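**Student:** Residue-level listing of the chains:
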Amino acid sequence: MNEHRFTLWQHSRIPEDLQTVTVCTGTGCLASGATEVIDAFRTVLEEYGFKVLESLSELHENHDSTHTKFLKKSGCQGLCAMGPLVSVWPSGIFYVHVKAADARRIIEQTVLKGKLVSDLLYTDPIRKEKHIHTREIPFYRGQKRQVLAASGNLDPNSIEDYIASGGYQALRQVYSDMDPTSLCRLISDAGLRGRGGAGFSTGKKWELARLRESGKKYVICNADEGDPGAFMDRSIIEGNPHAVIEGMMIAAYAISADEGYIYVRAEYPLAVQRMRRAIADAESAGILGDHALGSNNAFHIRVVEGAGAFVCGEETALMASIEGKRGMPRLKPPYPAERGLFGKPTVINNVETLVTVPLIIRLGVQEYRKGGSANSPGTKIFALTGHVINTGLIEVPMNTTLRQVILDIGGGVSDDQGRFWEDGFKAVQIGGPSGACLTKEHFDLPLDFDSLQGIGAMVGSGGMVVMNKNTCMVSIAAYFMQFTQNESCGKCTFCRIGTKRMLEILVRIRKGEGVPEDLQKLEELAGQIIASSLCGLGKTAPNPVLSTLRYFRDEYEAHIVEKRCPAGVCQALVSYGIDPQACTGCTLCARNCPVDAISGSPKQAHRIDPGICISCGACYKVCKFNAVLRS
Amino acid sequence: MNGTLDAIAAKYKDKSGSAIPVLQEIQKAEGYINPESLRYISDKTGIPLAELWGIATFYSMFHLKARGRHVIRVCKGTACHVSGAENLASAIRKHLDLTEEKITSDDGLFTIEEVACLGCCSLAPVMMIDDTIYGKLTFRKALSVLDKYKTAENT
Numbered sequence: 001m002n003e004h005r006f007t008l009w010q011h012s013r014i015p016e017d018l019q020t021v022t023v024c025t026g027t028g029c030l031a032s033g034a035t036e037v038i039d040a041f042r043t044v045l046e047e048y049g050f051k052v053l054e055s056l057s058e059l060h061e062n063h064d065s066t067h068t069k070f071l072k073k074s075g076c077q078g079l080c081a082m083g084p085l086v087s088v089w090p091s092g093i094f095y096v097h098v099k100a101a102d103a104r105r106i107i108e109q110t111v112l113k114g115k116l117v118s119d120l121l122y123t124d125p126i127r128k129e130k131h132i133h134t135r136e137i138p139f140y141r142g143q144k145r146q147v148l149a150a151s152g153n154l155d156p157n158s159i160e161d162y163i164a165s166g167g168y169q170a171l172r173q174v175y176s177d178m179d180p181t182s183l184c185r186l187i188s189d190a191g192l193r194g195r196g197g198a199g200f201s202t203g204k205k206w207e208l209a210r211l212r213e214s215g216k217k218y219v220i221c222n223a224d225e226g227d228p229g230a231f232m233d234r235s236i237i238e239g240n241p242h243a244v245i246e247g248m249m250i251a252a253y254a255i256s257a258d259e260g261y262i263y264v265r266a267e268y269p270l271a272v273q274r275m276r277r278a279i280a281d282a283e284s285a286g287i288l289g290d291h292a293l294g295s296n297n298a299f300h301i302r303v304v305e306g307a308g309a310f311v312c313g314e315e316t317a318l319m320a321s322i323e324g325k326r327g328m329p330r331l332k333p334p335y336p337a338e339r340g341l342f343g344k345p346t347v348i349n350n351v352e353t354l355v356t357v358p359l360i361i362r363l364g365v366q367e368y369r370k371g372g373s374a375n376s377p378g379t380k381i382f383a384l385t386g387h388v389i390n391t392g393l394i395e396v397p398m399n400t401t402l403r404q405v406i407l408d409i410g411g412g413v414s415d416d417q418g419r420f421w422e423d424g425f426k427a428v429q430i431g432g433p434s435g436a437c438l439t440k441e442h443f444d445l446p447l448d449f450d451s452l453q454g455i456g457a458m459v460g461s462g463g464m465v466v467m468n469k470n471t472c473m474v475s476i477a478a479y480f481m482q483f484t485q486n487e488s489c490g491k492c493t494f495c496r497i498g499t500k501r502m503l504e505i506l507v508r509i510r511k512g513e514g515v516p517e518d519l520q521k522l523e524e525l526a527g528q529i530i531a532s533s534l535c536g537l538g539k540t541a542p543n544p545v546l547s548t549l550r551y552f553r554d555e556y557e558a559h560i561v562e563k564r565c566p567a568g569v570c571q572a573l574v575s576y577g578i579d580p581q582a583c584t585g586c587t588l589c590a591r592n593c594p595v596d597a598i599s600g601s602p603k604q605a606h607r608i609d610p611g612i613c614i615s616c617g618a619c620y621k622v623c624k625f626n627a628v629l630r631s
Numbered sequence: 001m002n003g004t005l006d007a008i009a010a011k012y013k014d015k016s017g018s019a020i021p022v023l024q025e026i027q028k029a030e031g032y033i034n035p036e037s038l039r040y041i042s043d044k045t046g047i048p049l050a051e052l053w054g055i056a057t058f059y060s061m062f063h064l065k066a067r068g069r070h071v072i073r074v075c076k077g078t079a080c081h082v083s084g085a086e087n088l089a090s091a092i093r094k095h096l097d098l099t100e101e102k103i104t105s106d107d108g109l110f111t112i113e114e115v116a117c118l119g120c121c122s123l124a125p126v127m128m129i130d131d132t133i134y135g136k137l138t139f140r141k142a143l144s145v146l147d148k149y150k151t152a153e154n155t
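So the protein lines, in turn, are chains A and B.
Numbered according to the working numbering, the first sequence spans residues 1 to 631.
Numbered according to the working numbering, the second sequence spans residues 1 to 155.
Read the hints as simulated data drawn from the structure, not as lab findings.
Predicted, not measured: the structure shown is a model, and the values here were computed from it.
Yeah, the Cβ is synthetic: ideal placement off N, Cα and C, and Gly gets one too.
What you were told as hints is all true, and nothing was included just to trick you.
No farther apart than 27 Å at their CA atoms in a straight line, the calculated lysine-lysine pairs in the DSSO-like style are these:
id	chain 1	residue 1	chain 2	residue 2
1	A	Lys332	A	Lys500
2	B	Lys102	A	Lys500
3	A	Lys99	A	Lys115
4	B	Lys102	A	Lys511
5	B	Lys136	A	Lys73
6	B	Lys13	A	Lys344
Going by beta-carbon spacing under 7 Å, a handful of chain B positions derived as facing chain A:
id	residue
7	Ile20
8	Ile55
9	Phe58
10	Ser60
11	Gly77
12	Thr78
13	His81
14	Val82
15	Ser90
16	Lys94
17	Ala116
18	Cys120
19	Ser122
20	Leu123
21	Gly135
Chain B with its partners taken away, still in its complex shape (with noise of 0.2 Å):
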């Protein structure tokens, strides 16, 4: 792994305002951002560790933890909340014996996050599985899509 975080250091050493390109290729290497990667570029290109750190947790595209295979964004839009987000949340987090907290499944198919806005309004409640769009669901609706991508993982 070294081999390509020493890849990505040569590319941006001594390049300043390139903190946010070195994120995205530690995370598109490695899934996520692991804070020992972190130490090892900032060595290795001399951005301060706390600048790369402070951008990392800034962003909600940086991720600071392994995230499961298939990630499920439930929207909660105004749309969607007034549709019943909130519950649609707490029905599959249940489904997937997940909490708040607990965001990754124990097998590592998915993660569930909630997002801002889809910006698919018309069809609330809504949630992205992965870049697919799932519009108007019902509590039945959401799980059943989601037991088709385990049923896929599984055969």
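Okay, chain A solo, but in the shape it has when bound (with noise of 0.2 Å):
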């Protein structure tokens, strides 16, 4: 451990002179251009002649601030759907939707004339105002980003950037200024629950596991997160690694740890290479390793990748992989804290869990507990995608409400071409495949541990999936029903023999040959599996089910008795023709079919091929004289 270096690097600073254009490269920006963007940058301002720093380590030479500029890539800032995002710095103007050729605008206004570029701000998609910075836009407004406050601000790669920013020092106080016991003892208090999905006191694992005598423990880190619709945790390795490693850390210190494991899913490989450079970092700077930031501790952080089961995301499971086993979870007790991994006691935490820990310690236990409601303190990360304006990754107070969620930061519903739709909400999916779909009538419900799993929901891993009118509930339920299917590791026969008979009766009411009898079946099997599952996946599977047919009950019947999808999707009970009269020939439909299923010359009639039609509803949606008809 260096620690000249260290102090160092607490002290570096970008100076307040030193203009900066931050790009943020989260997976959304990335995917959507973001390392363009990032190269064009930095191409424009050589040409007008400035040396580009790109790193904090670059700044200790020193520099000129008028014939230098900083080029900074952050982690994800959040607001993925307008990305690439990009600010400039000290000003804080902060650009949407960037290309690559608009990086010379960005300099030769904003970064050499101080002016902005009026076309890239972001504009409020209902009222039509611009705004020049994140904290006037309601998406940032009506969050409380404190866990992940960082990840928007801070070079993932760089360990100087975290250590200049505050990190690793709640570690260092952890050390010098605490013993195990008060360590649990304050997280108990603090009130942390787990924020994998089960809310289980987090403080109370670490005690568990600290009682226990043995030469040899482990802690682990659970980014298997499988959940459809949740990338809470993604993001949090791809911004902020070094978080997740200081939070493993004073968790080993709280257990008397000595080794722990990350596992990642492996469809993750943009975490996988910031987590592992993370730790090669942590590990040359002296903070990992056998005299940890150069106490007496030892810790060393082995990476995991998943090989692609869901249920590895069960912690036994999880373990069992580690071990090179299937996947396959066993009985509780006894508990991972009292025989774990390779049997010996093992704390198990998911990763946003683990990044708030040092916040904590930072806070103190009032401050931190300011937030959210009192069996829920703290703030909780949700990944708010579908149908809504604003899709990302927002952070909220425990007590707020999917009112405040859905229609203040995310800006309300959204039509299937991305368009406001003031009345077009029709559910919100919570916890993924063990979750629920709530209606409006669950607005005003605050989203913590206790009052959705008073409504047989969850919060989950917080997955937050918003749906229009055109969605249809039967296809919801069985498309979960048909993940939960795929990924039952086989071990119970309730859950691997009833998601499967449960999902054929779904396809068959899709199909429209379901008959009246099915709903109390589907009921009848819902209960079964419950009871008769060893782990969380199957006790959950059947929710979703569950919960559509208590609040959308009389979509299954139009299905069943009508033959007939609400929404217009189920493929077997649509079929799309055009009304020759209103056609007008614009060819618009035959050129956004998949699957030239249309035919036509410019201004005549088009017609629809019903043998190679696929009933997508492409043509449908696109016409614009209300010539494709579907029934």
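With the hints as a guide, bring the two chains together.
**Tutor:** If you want it as structure tokens, here you go:
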């Protein structure tokens, strides 16, 4: 541990007068072209004769602010739908949808002259107002970004940046001022509950493992984020990997563990890469190792890539997978704190839980508990997606309501083309395959562990998918059942076969072959699966079906009795044709048909070949003359 | 090929809990996991064939059939699902003359898979070809991306 270098890094700052262009390099922005945007900024700045610095370490050499600019790559900034995101500092001017070709205008207008490039500013989709800074945008204004804040400001590949912003200070404080007993008590007092879904007290979990006598203990970070519609763990690791390390090291100190594993999904290649880099940097800085941070505590971390099985998100299955076996859950107790990885006491926490730990140490219990409700203090990160204007990663106090999240932060419901649809709300799905579909009647319910559990839903890992009125709820139920059926590990009969039977019934209903008794059968099977499955996957698998049956029973009945899909989604129940009187022969439908099922000459009425048509509805959505008929 | 398999067998002989790395190495060497190779490795290492087979069929990372040069992963996450991923997958299959059973194209260029969630829900619907993510797809956009790969292959 090089104390001198650590101190130097702690005091690294980008000088006030050094202009900085920050580009978001979260997965969303990268997929929208952030790499090309960064290259373009570098090229244009160099063309203007500026020296371009891209890391804090280059700052230590003397620089001259008039001839130098800083180009910073940050982690996820949250507003993924509007990426690539760029901000110019110190003014903090915020641009959205930036393309490589826009780099020159931003440099010439904003960096050199201090003027705005107004067409790149965020425009409120409803009120059409333009906003200059993130703090004015309703998406950010409604949030409390304390866990995510660092991710949007830091360069995830720079340990120096993390330390400069106060990183590893919480660990240092824990090492010097606390013993494991008081640390466990502090986390219990803060009321931190596991963010992976179940909401178990983190402090209690640590205390159980701390009390076990064993020469070997483990800390595992569960980053096997398999829930469809959830990407908070991915963004945290990609945006702030050192916070994960710091959280794990604090947990390790609490239970006296010297070895840790991070189990990441292999589908997240960037997260794996950034995590490995962060671990290597922390090792060479002497933060991880036999004398962690210069102390007598040893801690080493290994990254394990998941092999693609959703059930491995369940803690006992995850440990079996690390041990090189089929990832199948086992009976609890014994809990991992008693007999965990390789039979040793183990603490296993989710990513979001672990990165909250250093924050609690820094803020103190009282300050941390100010957000959220008494039984669910603090904030929760949600992945807000689906038919909503502002999709992205959000962080809100745990007593925030659905109304605030969807209407204020999310900016309202959107139609299939992404335009604001004032009256378009149908449902919101929370908690992934274990969760439920909620409706307008739940709009004022606080989003905390207990109130969601009270209505048969759960926070889950935090996926929140908004659905508009064009969504078929039977199809959603079938979708989730297909998922759990695929992912059932096969150990428990009711989960293995019961989910298959439920899926068969749902598929039949979607084809228009359902019978009225099916609904009762679905409910019976659901009850049996819940009662007879070992792990959370099976116990919660029927939730999406039960909640849609409860709130959207009429839609099931329409499929069964009238052989009709009210939303026009189920392919077997809809067919499309063209009204030759209304068709102007504009060719728009033919150009949008993915399977070339539409034929006709320009200015002549077109026709759809039912043999080729896949009933996707693309023509129906694009036709401007209402000439495509759905029946 | 047996030389490579022998090397893998020698590396992991008598090491417990090594079935996953063994399978990973076989797949790396051969592109997929051939049941014949499993039998061979089992004989050489003493890891029961049932254990190897059990693990190879449990995790979706392991493939039991040869795959195309480019792997298309159509995301079937919830956000993609409500944005029409089902139709997108149908359109891609139809375009490449594939079905739900036949997942690799005759020219060996593409294999299509559906994946639970790629975690890019804000860009739904999404597909990933090899390690590159393509978001906010329309049918046309998706098909033109595929055609680019085809053209690149033919030039």
